[in-house]
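Chains B and X supply the protein sequences, listed in that same order.
Letter by letter, the first sequence follows residues 1 to 210 of our numbering.
Letter by letter, the second sequence follows residues 1 to 153 of our numbering.
Be aware that one or more of the hints could be misleading.
If you want the footprint, here are the derived chain B segments under chain X, 3+ residues with CB under 8 Å [what the hints assert, rightly or not]:
| # | stretch |
| --- | --- |
| 1 | 46–57 |
| 2 | 114–127 |
| 3 | 138–151 |
| 4 | 155–164 |
Here are a few chain B residues that sit away from chain X, every Cβ distance over 12 Å (derived from the structure) [said to hold, decoys possible]:
| # | residue |
| --- | --- |
| 5 | Asn42 |
| 6 | Arg105 |
| 7 | Ala134 |
| 8 | Gly198 |
Listing some non-contacts, in silico: residues in chain X with all C-beta distances to chain B over 12 Å [stated by the list, open to error]:
| # | residue |
| --- | --- |
| 9 | Ala29 |
| 10 | Arg39 |
| 11 | Arg78 |
| 12 | Ser81 |
| 13 | Glu86 |
| 14 | Tyr132 |
| 15 | Arg136 |
| 16 | Asn148 |
If you're looking for bench data, these hints aren't it; they were derived computationally from the structure.
In this text, a Cβ means the ideal position worked out from N, Cα and C, and glycines have one as well.
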Amino acid sequence: MIRPTPLTEPRTLPLRRWIWPAMLLFLAACSRAPQPDWKLTNVSGHLPDLAFHLTDGAGRPVTARDFRGHDVVLYFGYTHCPDACPLTMTHLHLVMQKLGPLADRVRILFVSVDPARDTPKIVGEYAAAFDPRAVGLTGSMNEIVTLAKRYRVAFTRGPDLGHGAYEVNHSSAIYVFDSEGRARLLASPANSEDDIAGDLRLLIGMEHPS
Amino acid sequence: MSRRRAMATICWLASAWTTHAAAGQTMSAPLEVRAAWIRWLPAGLPAAGYAVLYNRTNAPVVLVGAESTEFARTMIHRSLSSGGLERMLPVARLAVPARGSIRLSPGGYHLMLIQPRRPVVIGAHVEIRLTYANGRSQTVEFVVRPANATGPH
Ligand SMILES: [Cu+2]
């Protein structure tokens, strides 16, 4: 039996198979600005710019504008948290060490979700104990709720542990902003130091092309 | 080569002996406790204590409490991270399985040390008594490490 297959098919098929995907890839490459291969979650355009009114460790009022010019790593916690928060803050300190001199372009903002106990002095000392580029911030409950809501950060006061002690359950998310205050990346404490440091390096590189 | 190995063995034995002696344990201590450290925090904030608990016996040993003359209160806690939320829960009983071990480590089980009676100093050693379900107890020396430490050394 003779199969009605045209003779030309075996030769043209590979070309037909590849030409469209290749053209699509070419068009995609032309139409999009090159994006680095981020290890963290890219949130550019999905979260609002950094904005807040809070109080620093010296009791001075500070706003997000005061950190323009620095890439910002934002993390929420509370100072009566001896385990989880220090683990993340130590993690971020090691990220800063990996960055070397570039770390001077970065500020870690530790924002208290427990303003009832976290005075400016305590939150300032707490943050500084982890890294010289970490800044502890607190404020009124209203100011903190406003910032937390802006980034969909949840926190709830846990049950009373007696003697006035209580825990605050809180979101573990880590937000990265560029030096103009734009939200860029979302990390979790589970992301490795290398991944966070690598993405910060990429971000700083994009902002300061050498 | 063999001399170096012999030296290494001697060093290992010496360090094992000093760890043993430093921990102030007698041969009959219910658990072998190693790498015990406290994360220092400023302003008299609650601190966390960590260690690795080895049970060399053929029966489980259940940790039910801890106390220290240096702190007003000591509790066993566990940090949990689920659904992007960080929580801390009290632990009433922590069983170290027979011929097994339990790690008290950052982000997991830890001793919660509340209200230091006097300032806790980095580098100092703090004695903490661990108490067990069978009524026994043992005193372990914890070394105080800086806030951003990752372990006892
Ligand atoms: Cu705890």
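Hint check:
no., hint, result
1, 46–57, "violated (count 0)"
2, 114–127, "holds (count 4)"
3, 138–151, "violated (count 0)"
4, 155–164, "holds (count 3)"
5, Asn42, "17 Å, holds"
6, Arg105, "20 Å, holds"
7, Ala134, "9 Å, violated"
8, Gly198, "20 Å, holds"
9, Ala29, "25 Å, holds"
10, Arg39, "6 Å, violated"
11, Arg78, "9 Å, violated"
12, Ser81, "6 Å, violated"
13, Glu86, "4 Å, violated"
14, Tyr132, "23 Å, holds"
15, Arg136, "26 Å, holds"
16, Asn148, "5 Å, violated"
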